[in-house]
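Chains as they are written, first to last, in the numbering used here: chain P, -8 to 314; chain A, 247 to 472.
The set of hints was computed from the structure by calculation and includes no laboratory data. Values in this document were obtained by computation on a predicted structure and should not be read as measured data. Do not take every clue at face value.
[Said to hold, decoys possible] What follows is a list of derived Cβ distance ranges for each label pair: (1) A/Thr370 / P/Phe93: 44 to 50 Å; (2) A/Thr370 / P/Arg164: 36 to 42 Å; (3) A/His331 / P/Ala72: 50 to 56 Å; (4) A/Arg336 / P/Leu167: 52 to 58 Å; (5) P/Leu30 / A/Ala283: 18 to 24 Å.
[As the list claims (entries may be wrong)] Heads up, incomplete: computed chain A residues facing chain P, CB under 10 Å, no partners named: (6) Gly265; (7) Ala267; (8) Leu269; (9) Phe273; (10) Tyr277; (11) Ile364; (12) Glu380; (13) Ala383.
Idealized CB from N, CA, C, for every residue including glycine.
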Amino acid sequence: MSLLADLLLALAAQVLHVALLVAAAPVLVGVVRLVKARLLGRTGPPVLQPWRDLLRLLRKQPVVAENASWLFHAAPSAHLAAILAAAALVPSFALGMASAPFADLLVIGGLLALARVILALAGMEIGSRFGGIGASREMTYAAFAEPALLLVIFTLALMVGTTNLDAIALTLREGLVGLRVSLGLALIAMIAIALAETGRMPVDNPASHLEVTMVHEAMVLEYSGRHLAMIELAGALKLLLWLSLIATIFVPFGIARAGALPLWWLGGLAAWVAKIGVLALALSGFETAIAKMRVFRVPEFLGVAVLLAVLAVVLLFVSQGFA
Amino acid sequence: MGEHLGYGTLGYDVAHLLGAAVLVLSFVLLYQRRVGAMINSYATQAWVLTAAACWQGWAQDAPQLYLTGLLTLAANGLAIPLALHAIVRRLQVHRSIDAAMGVFASMALGVGMVALSIMVVLPTTLHSGSLTREDLALALSVVLLGLLVLISRRSALTQVIGVLSLENGLILAAIGVDGMPLVVELSVAVLVVLAFMVFGVFFFRLRARFDSLDVAHLDRVGGQHR
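Starting from the given sequences, assemble the full structure and let the hints guide the process.
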């Protein structure tokens, strides 16, 4: 195949990937909510309800506090843009998308950190105490989650020899690394980080509007209308991004190889839907079974994730030797 | 053994993974504060240890390891946890939370223990196969973490769980080493059951005397205050 055709194929995969993620993210949130409701014996909202909420919010006029500056207006778009850029880098159904050369894990972590900082600033912008509390808690958690993520990235980089997500997924897909203890420890650490980053159950309750327990919701309390729609979409995208990231690194099987014909994408798509579905079911079950932690226990929880990641690195040195 | 169980083969990988699972469960023991959850974590550790023993029995082609696994399952995996649960119910301490060292401090010390055991084991076993080396490093870590549970807890019950998990580490070491005679493993198993009986009597005496399982009470009757 010629170079141009390859490039076009990679671009097509990229466009499809982004469209798919944006379309699927609210559906994923709907699925998780529905399964959780069913597990609790309620009927639950339909799967498409988050999409309907988004469309309704888009039609509404945002109500903005009088003392809000340009930052308050710009933050939702900037937040969504950073999350979307990060989501575009995480492969879903095919490797070797147009963004593959930039799909560095450090870049993805950096974009997520950027999105978080923007939202924390916006939370403090109006001057309401509640937003300040949310922002401070979010940054406290981030101070523990980010070192853990960096250590997980370090583990993968030691194992594979690169921090490029595409290359890591390809190596692990071929089974060149085998079954490794460090991978298992990194997976546990990664799940803990993902739960904290997406504000899921033991760390933050996504359904809570009880004041003392809110973290993410407290930060975005002042937002309404299309601003809120953007933040909600970004939140859904972030959840899908983390599930995709875990699926791509730890179960990269079935994903279409770089340069494969579009026919293979169908297989990759089916595998991706299955993986995300299983993860979403597991998340719903886990959230139903577990209670939310006290705020002061979350740093302990994330500290454990950091230490597990350290352990992964240490054990990697054992199996590879000190050479 | 190192020849047919090289790095990257299935037998090696699964053995390593199970050993590490035992180690992670030791960390869970260190992290847990509630007595019931600690007993369950201990039981899970024993089950994983059973799986590790059976896997090693298959990989090393050593049928006596199946017997070790069976004994581990019966004693450490079923009998002792059930007895511990019964004691917890009898003494009505199932709601108690053990005051101990902070989570982060104890976990950091735990990772330090793992690093220490790796530093000790790797240089001294340069001539052995890589599986033996790593299994020994993992087993020594489990032993040290058991000791850490022992010194970081105040309740006699949770301290005993630390001792028992330490013994799980000994079994892990025994199954990883080629040609460990069965009689050693049997004696370890008998020792555990006997020790557990002594602990049981100790619990009830402690409870009857001080109305608590906190071993800090014992300081008062120690020699220095006589």
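To see whether the hints hold, each was checked on the structure:
At roughly 46 Å, the beta carbons of A/Thr370 and P/Phe93 sit within the given window of 44 to 50 Å. At about 38 Å, the CB distance of A/Thr370 to P/Arg164 agrees with the hint of 36 to 42 Å. As the Cβ distance of A/His331 to P/Ala72 is approximately 54 Å, the hint placing it in 50 to 56 Å holds. A beta carbon spacing of about 54 Å between A/Arg336 and P/Leu167 agrees with the range 52 to 58 Å that was offered as a hint.
Taking the beta carbon of each, P/Leu30 and A/Ala283 are about 22 Å apart, inside 18 to 24 Å as hinted. The criterion of a C-beta within 10 Å of any C-beta in chain P is met by A/Gly265, whose closest approach is roughly 8 Å, and the hint holds. Hint status for A/Ala267: holds, given a least beta-carbon distance of 8 Å to chain P, under 10 Å. Taken as an interface hint, A/Leu269 checks out: its beta carbon lies about 8 Å from the nearest beta carbon of chain P, inside 10 Å.
At a threshold of 10 Å, the smallest CB-CB gap from A/Phe273 to chain P is about 8 Å, leaving the interface hint in force. Interface hint at A/Tyr277: satisfied, since its Cβ lies 6 Å from the closest Cβ of chain P, which is below the 10 Å cut-off. Among the interface hints, the one on A/Ile364 holds; its C-beta lies about 5 Å from the nearest C-beta in chain P, closer than the 10 Å criterion. Hint status for A/Glu380 relative to chain P: holds, with the closest Cβ pair at about 6 Å, below 10 Å.
Because the closest C-beta pair between A/Ala383 and chain P is about 6 Å apart, less than 10 Å, the hint holds.
Hint check: no violations occur; every hint is consistent with the structure.
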